[in-house]
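**Student:** Following the hints, complete the assembly by docking chain L onto the known chain H.
Number of protein chains: 2
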Amino acid sequence: MISDTLFTELSSVLEGRLTRSKSDLDQHGQSETWFPLTPPEAVAYPETTEEVAALMKLCHAHDIPVTGFGAGTSLEGQTLAIHGGIVVDFSRMNRVLRINDADMDVVVQPGVTREALNVELRTTGLMFPVDPGANASLGGMAMTRASGTTAVKYGTMRDNVIGLEVVLADGTIVRTGSRARKSAAGYDLTALMVGSEGTLGLITELTLRLHGQPEAVSAAVCAFDEMGPAVEAVIATIQIGLPMARIEFLDADSVNAVNLYSGSDFPLKPHLFVEFNGSEQAVSEQVDLFGEIVHDFGGSDFNWATKPEDRTALWTMRHHAYWAILALRKGAKAVVTDICVPISKLAQAVEETAEDIKASPLDGPILGHVGDGNFHAILLVDPNDEAEIKEAKRLAHLMAERALKLGGTITGEHGIGMGKKSLMIEEHGEAWAMMGAIKAALDPKNILNPGKIVP
Amino acid sequence: MISDTLFTELSSVLEGRLTRSKSDLDQHGQSETWFPLTPPEAVAYPETTEEVAALMKLCHAHDIPVTGFGAGTSLEGQTLAIHGGIVVDFSRMNRVLRINDADMDVVVQPGVTREALNVELRTTGLMFPVDPGANASLGGMAMTRASGTTAVKYGTMRDNVIGLEVVLADGTIVRTGSRARKSAAGYDLTALMVGSEGTLGLITELTLRLHGQPEAVSAAVCAFDEMGPAVEAVIATIQIGLPMARIEFLDADSVNAVNLYSGSDFPLKPHLFVEFNGSEQAVSEQVDLFGEIVHDFGGSDFNWATKPEDRTALWTMRHHAYWAILALRKGAKAVVTDICVPISKLAQAVEETAEDIKASPLDGPILGHVGDGNFHAILLVDPNDEAEIKEAKRLAHLMAERALKLGGTITGEHGIGMGKKSLMIEEHGEAWAMMGAIKAALDPKNILNPGKIVP
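Chains as they are written, first to last, in full-length UniProt numbering: chain H, 1 to 455; chain L, 1 to 455.
No lab work stands behind these hints: they were computed from the structure.
Quick reminder that beta carbons are idealized off the backbone N, C-alpha and C, glycines included.
Treat the hints with caution; some may be incorrect.
Chain H residues, not near chain L, derived (Cβ > 12 Å throughout) [unchecked claim]:
#	residue
1	17
2	37
3	71
If you want a taste of the chain H side facing chain L, the calculated C-beta under 8 Å gives, among others [as the list claims (entries may be wrong)]:
#	residue
4	61
5	62
6	102
7	144
8	180
9	183
10	184
11	195
12	212
In silico lysine-lysine, DSS-like type, Cα no more than 27 Å apart, as pairs [what the hints assert, rightly or not]:
#	chain 1	residue 1	chain 2	residue 2
13	H	57	H	445
14	L	405	L	390
15	H	153	L	445
16	L	445	H	445
17	L	390	L	153
18	H	405	H	358
Next comes chain H alone, as it looks inside the complex (with noise of 0.2 Å):
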């Protein structure tokens, strides 16, 4: 419990920038899911590396959890502070520190938004490509080890954090990395911090790895009568080394929804969304191959969207196919899924939980980001129907007990959060408690985020 004196004493760190305002404190109990409401008892909004420091030298000094939140989109409870204390919102900590063009890199303070980044870089020929959807923060997309439907090619956070500025539990400022682009010097502490959600320390700066800008762009919507030939024609598009810059599959159910949302007339069947990019020349050479193997695969003919607004237009409507879903039923929920797969299973994953959800009385359209293996099953709930989310969790039970059977993941790209916890000792075994291990020895009073990842 944070006292009278000691928040006043906080405040002063912060020069007044901590607030227990009940509209503040409501705002950051708030997730984009089905967990209730949980508010913690202050919200501090620091604006330098200097004052996180200050925060955290206090917070251990009295025991205090600490928090962080970036953009609030996590979809698995990352932000909420579960056993009280500070949640520390990065919003104010948003410049764009340093482009570094001759090396493709850029520092950044953790509460730039990936689309704040990509504007700032639009006249440099680079761009940030970790696209997940959401306007995330690049602080909070670091923690959840985000990726979404560029990751085909560009990988994830875990592939484009370079290096890092991390405060401690005890609030030493660490910096994690170099502006090398590669270094074999000691433990990769970078890859260490870039998705523990913030239970080993605060991210403070990133230095991010850029990509040039493609010539060409071309993308693409076909579909498909079954999702057995749509994955295959992907696998085979991997296999002959076909650089896909995005490719992602969306079930009837998630197109229905997408027609309802975006006024589309998509027919009522399994689709592939993809884009290629790169030379003129490359890209043309790459679109007349991957329409040869979605034909030999039987899938139907493409309108490739070469036009930005066109190409815009596309991938708003995928990025808000979330939004699509969840308005098929009034006032719902939903319990996301998201597991990932070694690529040859993932016919088999998608068509196994197609029917266990067709076997349930809740509806779960699949979409995911097919390229990497990762799905995503959206359970729909009424969130003041335990029964209902009971369901639901039993069904994502099912499908991350699959994964695993499959030799995948519980999560491709959400993370533990409150969600997966429970879910950690099946996948991990013996490893989970080597993650408490290293949890204990650099959070010792456990005020780090605590409740999440570790045992």
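**Tutor:** Okay, now just chain L, sitting in the frame of chain H:
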């Protein structure tokens, strides 16, 4: 110290595959570079994970240091048992366990060498591209976070190890990662293990990412009058997004050594060795574009080698450059430096290093992986001349400090081992203590490769 009783007990666990023969101890007490002979007390040859686990349990109970050994090709004394105890030689755990074509991954034992793996893969259309030059074991390559000539396109071991089986200090067997292409399920223990040089566990199995064998490959050599324009040509190539498969720099001294050793007759100037791969059409486009760039920066004409035997000859020359340089001085050993800087700083780093070496009595040809900003000066010393070793260390220290000043790292790919530990505090500051805390949490008795990496 290993008592005779303990030796017998350990030996029985390994069905007799534990030896104290002088030749075995000496062979495992050598290194590729200037470090003095450091024989362990015994050498173990396990054949299964269970044997490794049983060995670790016993060593844990008796506080016996354990150091892993793959092919013995590391350059910083990683495999030297400087606190005595047992060296575990993985050469008998050398089976390729499962090739998963559709998922483009492979499961191998740690003693498989990269060349042996690629021989097994030859007919699959797939390959494992990470190529540090030496025919290193894959377990060893993971442990030093190896990279080499192809990292510019395919990344390092960090990017190509997707899962591990590891025996921890107390003999517990854990699995990290999965066969999914990405995961957000907790701390990235795979990345923590990769580059840990055997200080956190012994790798007993690896799951590696494979890549398609390219349809077409084209390699070439070209000369520049100065090093600066050569590096600028490479920067320009990266910036327009041309995907080079390899891009290597050799200074005039290195070229001289290669000529003497391999019988080639390259002009005594700085050279780039380059390779493009992909579809016929893409390679042809890339070769043309690169040719234009090199021409703009004043490089010589290329002779493109498209026949496999010509390319093999070219890369064999490059891979033998280390031996070629050693052969410049009879009886010499090498102090091999390995800094990596942001590529915009590479010309400056190489030029200043060359000046230091010119002003020194030692010879030190320079070569490196210019696409990564990573280069080596091979400092030739008489291993019995302490003054020379001291001078080489002084030069190496200057290089490391320069790398840090320029935003880089003290080692791009060779790792820390014995050679660079004193520089860790300079690179990592407080983050080095974090590494120490992780080590203490996972190996509280400090029996895994003690004396390496951490404080």
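**Student:** Look at each hint and say if it fits the structure.
**Tutor:** Evaluated hints:
no.	hint	verdict
1	17	26 Å, holds
2	37	24 Å, holds
3	71	17 Å, holds
4	61	18 Å, violated
5	62	22 Å, violated
6	102	4 Å, holds
7	144	6 Å, holds
8	180	4 Å, holds
9	183	4 Å, holds
10	184	4 Å, holds
11	195	6 Å, holds
12	212	4 Å, holds
13	57(H) x 445(H)	12 Å, holds
14	405(L) x 390(L)	22 Å, holds
15	153(H) x 445(L)	43 Å, violated
16	445(L) x 445(H)	23 Å, holds
17	390(L) x 153(L)	37 Å, violated
18	405(H) x 358(H)	21 Å, holds
Of the numbered hints given earlier, the model fails hints 4, 5, 15 and 17; all others are met.
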